[in-house]
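Asks: First to last, the sequence lines map onto chains A and B.
Going by this note's numbering, the first sequence opens with residue 1, and the numbers climb by one from there.
Going by this note's numbering, the second sequence opens with residue 1, and the numbers climb by one from there.
Simulated from the structure, these hints should not be mistaken for lab results.
C-beta atoms are modelled at their ideal positions from N, C-alpha and C, and glycine is treated no differently.
Among the clues, some could well be false.
[Said to hold, decoys possible] To list a few chain B residues with every Cβ distance to chain A over 10 Å, as calculated:
| hint | residue |
| --- | --- |
| 1 | Asp35 |
| 2 | Phe41 |
| 3 | Glu43 |
[Stated by the list, open to error] The calculated label-pair distances, taken between Cβ atoms and stated as ranges, are:
| hint | chain 1 | residue 1 | chain 2 | residue 2 | range |
| --- | --- | --- | --- | --- | --- |
| 4 | B | Lys31 | A | Val24 | 51 to 61 Å |
| 5 | A | Arg137 | B | Leu2 | 46 to 56 Å |
| 6 | B | Glu77 | A | Ser226 | 34 to 44 Å |
| 7 | A | Gly172 | B | Glu77 | 26 to 36 Å |
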Amino acid sequence: MKFGIVVFPGSNYDHDCYHMVKHVLGQEAGYIWHKDKEIKGFDCLILPGGFSYGDYLRTGAIAKFSPVMNSVREFAERGGLVIGICNGFQILVESGLLPGALMRNKDLKFICENRYIRVESNDAPFTRLYKKGEVVRMPIAHADGNYFADDETLKMIQDNGQIIFRYCDADGNITGDANPNGSLLNIAGICNEKRNVLGMMPHPERCSEEILGNTDGKRVFESVLSSF
Amino acid sequence: MLAKIYVTLKKGVLDPQGKAVQHSLESIGYKEAEDVRIGKFIEVKLSDMPKPEAEKKVKEMCEKMLANMVIENYRFEIE
């Protein structure tokens, strides 16, 4: 399987994602520069974390007009698998590939810490190797992860089972205290209606190796591999 | 021509930054500052064109890029 990692000016988790799929999973991987108009030969695209265009205007607001994004949109429309992590998630909501918006964290701070998240759905190519309701721990590192959608959109993503991850406590309870950033319904990750595009604020690529002390994120990539 | 564009959060969208500023205003004695909402002010210098055309262009700019229509509203004046 060949993973393509899209590199925007200001992406800074691109190498982590590359390392993860290339060296940990042992798959083919390549970088895709944001100015590339064509993307060929990739089976799954990853939009990595970082601060594309310095987060100017709004996170993801300028990256969504990078030439590569038209190809990303076409790839997704053809059913190709797309994962947006952190800034990648922000770019996907700005582009309209995922519903809603990601706003400044409720307490206005950049948060970098490990968090418990609950797998709300394993009916997606990205989570099929997790158990529904399973509690995992992943790091978050963001200032703008406060998920917002209007009532109608929120109801739609709930009814369609598009909520994939929610922040919870160690026992899996969805509580206000377990919510790091003010996200509606403690949302940490969602997919699109066709379930081939995932956006998530936590960083699975940063917790996929024993040497890092946590392998809870590895199954996101292994799930993709097993869906291929 | 100059477009003066105001981007504000929609009603019902929480504004923690505005809230913090409101608390701070209150703490320095401005009890009458009941609510604060923070937005963006953007100036775009435009090449000369008929005003209706400029309005159409600026509307497009706002909806495509300058505002996120999920959470923000915009208004503008053209001088």
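Asks: Now look at each hint and say whether the structure bears it out.
Replies: So, going through the hints one by one against the coordinates:
1. Asp35: holds (17 Å)
2. Phe41: holds (13 Å)
3. Glu43: holds (14 Å)
4. B:Lys31 with A:Val24: 51 to 61 Å: Taking Cβ atoms as reference, Lys31 (chain B) and Val24 (chain A) lie about 58 Å apart, which means the hint holds.
5. A:Arg137 with B:Leu2: 46 to 56 Å: 51 Å Cβ-Cβ, so the 46 to 56 Å window holds.
6. B:Glu77 with A:Ser226: 34 to 44 Å: violated (56 Å)
7. A:Gly172 with B:Glu77: 26 to 36 Å: violated (52 Å)
The structure does not agree with the numbered hints 6, 7 stated previously, though it agrees with the rest.
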